[in-house]
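Novice: Mind docking chain D on chain Z? Use the hints.
There are 2 protein chains.
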Amino acid sequence: MQQLSIYLAGPDVFWPDARDAGAAKVSLCAHYGCEGLFPLDSNLDLQQLSPYAAGLEIFRANIGLMQRADLVIANMTPFRGPSMDVGTAFEIGYMAALGKPVWGYTLDGRLYADRVSANGAGVDADGMAIERFDMADNLMLVGAIDDSGGSLFTSPAEHSLEAHLAIFEKVLRSITGRGK
Amino acid sequence: MQQLSIYLAGPDVFWPDARDAGAAKVSLCAHYGCEGLFPLDSNLDLQQLSPYAAGLEIFRANIGLMQRADLVIANMTPFRGPSMDVGTAFEIGYMAALGKPVWGYTLDGRLYADRVSANGAGVDADGMAIERFDMADNLMLVGAIDDSGGSLFTSPAEHSLEAHLAIFEKVLRSITGRGK
Chain Z
7 MQQLSIYLAG PDVFWPDARD AGAAKVSLCA HYGCEGLFPL DSNLDLQQLS PYAAGLEIFR
67 ANIGLMQRAD LVIANMTPFR GPSMDVGTAF EIGYMAALGK PVWGYTLDGR LYADRVSANG
127 AGVDADGMAI ERFDMADNLM LVGAIDDSGG SLFTSPAEHS LEAHLAIFEK VLRSITGRGK
Chain D
7 MQQLSIYLAG PDVFWPDARD AGAAKVSLCA HYGCEGLFPL DSNLDLQQLS PYAAGLEIFR
67 ANIGLMQRAD LVIANMTPFR GPSMDVGTAF EIGYMAALGK PVWGYTLDGR LYADRVSANG
127 AGVDADGMAI ERFDMADNLM LVGAIDDSGG SLFTSPAEHS LEAHLAIFEK VLRSITGRGK
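Taken in sequence, the protein lines are chains Z and D. To convert, take the position in the first sequence, counting from 1, and add 6; that gives this note's numbering. To convert, take the position in the second sequence, counting from 1, and add 6; that gives this note's numbering.
For the record, the hints were derived by calculation from the structure and aren't laboratory data. Only a predicted model underlies this, so the values are computations on that prediction, with no experimental measurement involved. Using N, Cα and C, we set each Cβ at its ideal position, and we do this for glycine too. A few of these clues could be false.
Unchecked claim - Derived list of chain Z stretches under chain D, where covered just means 3 residues or more per stretch with a C-beta under 8 Å from a C-beta of chain D:
(1) 20 to 33
(2) 50 to 59
(3) 75 to 89
(4) 97 to 106
(5) 122 to 131
(6) 143 to 154
Next comes chain Z alone, as it looks inside the complex (with noise of 0.2 Å):
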């Protein structure tokens, strides 16, 4: 059976041990037989270029990774706001639109509804209507997990890499097939 390759999405990339983070989660794939892509823009010669165009390469490394990969599994834990991370939520549609199969995991716990009105009221402080479709986050993002034939695994934690390392390894397990 050829190894299948998996697109590590998620902000990760910003944390401040992304480094270790991208290795621990690349020698995990390993351990499931898997090969890990890890986003991060470490074998990129950027130092020449502006600050716009070191975007665009790294933009264009990251679609290369995509095209390569099998299926994504995204961290899609909530990132500055009620949300997940947006370049993460492009990233699920990128693959969804390849046909290739989308998983996720979060370690927020709440429905998306919850997150945004503690209060149960239907729109925000903005008067914009808050979704309520019992989903961790909005329709597209959990719509493209199920459709592809992917789950998206919640595990309530404080943020750590620990955390984020246990809840990945039972997403890799489920991939798998492999019990342990």
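Specialist: For chain D alone, coordinates are given in the frame of chain Z:
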């Protein structure tokens, strides 16, 4: 020349005046000889479904509209945080993967880094790195627009239907090549 079909992405569907907003954007599209596809779930029969199943139906309907569209114009104005709406980010990724042009606009004139970090710090309160690529949002979104041949329009303004329609029309004029 065949009529261009444009997917109208954005959190506009959550506005209190979503129906009017959608109708106004579709009407502007028609004025420029295009078909506007606004993802409001008004034509779906969701009454008998659980909230989760209803969410999936809306997801599938929106996917169908994106498959039909030739390009997307996304409202990328920040939504419930420093970044754009994640459902819209998903849709930009989906359209990018299909090789369709991505156009966008935002009513927030600041760069993403300045929105997150008023004092110029390189990390946020949680120690997460702040991207400084001189872009209006995450590099995957701006990169997708740039690489697809589209453009991101910026016009600092308070949120109002009039402000959205004014900049939306600028995007339409640029796409269709019609001055005014």
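Novice: Compare the structure with each hint and give your call.
Specialist: Right, here's what the structure says about each hint:
{"no.": "1", "hint": "20 to 33", "verdict": "holds (count 4)"}
{"no.": "2", "hint": "50 to 59", "verdict": "holds (count 3)"}
{"no.": "3", "hint": "75 to 89", "verdict": "holds (count 5)"}
{"no.": "4", "hint": "97 to 106", "verdict": "holds (count 8)"}
{"no.": "5", "hint": "122 to 131", "verdict": "holds (count 3)"}
{"no.": "6", "hint": "143 to 154", "verdict": "holds (count 10)"}
Violated hints: none; the structure is consistent with every hint.
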